[in-house]
Amino acid sequence: MFSFLTSMLSSLFGKKKNVSLGLYGAPNAGKTTLANKICMDWVGEPLGTVSEIPHETRVVQKKEKVEMKYDGRKLSMNLLDMPGISTKVDYKEFTKHGIKKDEAQIRAKEATKGIIEAIKWLENVDAALVVMDSTEDPYTQVNITILGNLEARKIPVILVANKTDLAKSNKKSIEEAFPQYKVVPISAKDGDNIDHLYKEIFNRVN
Amino acid sequence: MADLGIEFVSTKILSEMNNNEATEYLLKVIKRGDMIVLDEKLDPEQEKELFKRTMELIDDDFTGIEISSIGDSETSWKNSIIKMLGGKTTGLTVIGSAKIIKKIKNEKDKINLLANISKKK
Numbered sequence: 055m056f057s058f059l060t061s062m063l064s065s066l067f068g069k070k071k072n073v074s075l076g077l078y079g080a081p082n083a084g085k086t087t088l089a090n091k092i093c094m095d096w097v098g099e100p101l102g103t104v105s106e107i108p109h110e111t112r113v114v115q116k117k118e119k120v121e122m123k124y125d126g127r128k129l130s131m132n133l134l135d136m137p138g139i140s141t142k143v144d145y146k147e148f149t150k151h152g153i154k155k156d157e158a159q160i161r162a163k164e165a166t167k168g169i170i171e172a173i174k175w176l177e178n179v180d181a182a183l184v185v186m187d188s189t190e191d192p193y194t195q196v197n198i199t200i201l202g203n204l205e206a207r208k209i210p211v212i213l214v215a216n217k218t219d220l221a222k223s224n225k226k227s228i229e230e231a232f233p234q235y236k237v238v239p240i241s242a243k244d245g246d247n248i249d250h251l252y253k254e255i256f257n258r259v260n
Numbered sequence: 002m003a004d005l006g007i008e009f010v011s012t013k014i015l016s017e018m019n020n021n022e023a024t025e026y027l028l029k030v031i032k033r034g035d036m037i038v039l040d041e042k043l044d045p046e047q048e049k050e051l052f053k054r055t056m057e058l059i060d061d062d063f064t065g066i067e068i069s070s071i072g073d074s075e076t077s078w079k080n081s082i083i084k085m086l087g088g089k090t091t092g093l094t095v096i097g098s099a100k101i102i103k104k105i106k107n108e109k110d111k112i113n114l115l116a117n118i119s120k121k122k
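Just so you know, the sequences run in chain order A and B. For the first sequence, the numbering used here gives the first residue as 55, with consecutive numbering after it. For the second sequence, the numbering used here gives the first residue as 2, with consecutive numbering after it.
If you're looking for bench data, these hints aren't it; they were derived computationally from the structure. Bear in mind that the values here come from a model prediction, so they are computed numbers and not experimental data. Where hints are given, some of them may not hold.
[Stated by the list, open to error] Computed list of chain B residues with no C-beta within reach of chain A, every gap over 10 angstroms:
hint, residue
1, Ala3
2, Leu5
3, Phe9
4, Glu17
5, Met18
6, Asn19
7, Ile37
8, Val38
9, Asp40
10, Thr55
11, Lys103
12, Asn107
13, Leu115
[As the list claims (entries may be wrong)] Derived EDC-like pairs (lysine to aspartate or glutamate); straight-line CA-CA distance at most 20 angstroms:
hint, chain 1, residue 1, chain 2, residue 2
14, B, Lys32, B, Glu50
15, A, Lys167, B, Glu25
16, B, Lys32, B, Asp62
17, A, Lys142, B, Glu46
We put the beta carbon where it would ideally sit given N, CA and C, even for glycine.
Please work from the sequences and hints to get the whole structure.
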């Protein structure tokens, strides 16, 4: 009887066994670095390749059944590292990083497809971490559009102010730009404050 | 020196189109090298469609768009009520080709834009 009740209540409040958690943001915000950190902490292996070249992640990378534990609670999720969303892709940007023209053109085409895929996923994630480079101006149309679409679908969102290890980091600018959201400052590279992020994921998602 | 055309568009025009038609209309103007100024903020769904269609059109010549908008979020309760009653929300949207817009900065209540029209085809 008790299990029937808990199961009924659980379905009423929409709790799923596996939550799809999407990592969104502009290119080079540190999404894959964060996805790798989460996967290393909870699965013991990384998810993707990190690079300084924009649009390194050009397909949605998934890690299924990432089991998180916090304060005696458990959360099972499918982690989705999205390609960085942008309104422009110029193959010439890749050639500046030493990539040959032919390869750069292919890379640009793949990047556009990856962005479309990431945008389509906006309708299908259960929760999202919107990752922002805290050394850059956060009030961009890409961030506004990502948040607007998540908000329209009432998808829980945590803003991640990444790269706090850098001197120019300014998490306040993110808080001022988007005061209605919870902002968690972290360094995905060094793991600084990552436990705080895990706590917030449990609070907002579980 | 190249000329730069700016189309000041009432969103009334877009409201008579479906999302696909509105996106095609905007991108047709942008692809010919002109800029668009809309008297309202696009809603998140329209922005999403615009981003997606822009990605489909990108090639060696057309490298995408720059866009910036100011005004309340379309999902805010105030705007929802205004729209429900058939009213018009306040805001502004500027869109142009990434080739000519060198820099665009949104400061919530104003947009700073720097265009390089020598790059216009």
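Hint check results:
| no. | hint | in the structure |
| --- | --- | --- |
| 1 | Ala3 | holds (19 angstroms) |
| 2 | Leu5 | holds (18 angstroms) |
| 3 | Phe9 | holds (19 angstroms) |
| 4 | Glu17 | holds (22 angstroms) |
| 5 | Met18 | holds (20 angstroms) |
| 6 | Asn19 | holds (18 angstroms) |
| 7 | Ile37 | holds (14 angstroms) |
| 8 | Val38 | holds (15 angstroms) |
| 9 | Asp40 | holds (17 angstroms) |
| 10 | Thr55 | violated (6 angstroms) |
| 11 | Lys103 | holds (12 angstroms) |
| 12 | Asn107 | violated (5 angstroms) |
| 13 | Leu115 | holds (14 angstroms) |
| 14 | Lys32(B) / Glu50(B) | holds (16 angstroms) |
| 15 | Lys167(A) / Glu25(B) | holds (19 angstroms) |
| 16 | Lys32(B) / Asp62(B) | holds (10 angstroms) |
| 17 | Lys142(A) / Glu46(B) | holds (18 angstroms) |
In this structure, the earlier hints numbered 10 and 12 are contradicted, and the remaining ones agree with it.
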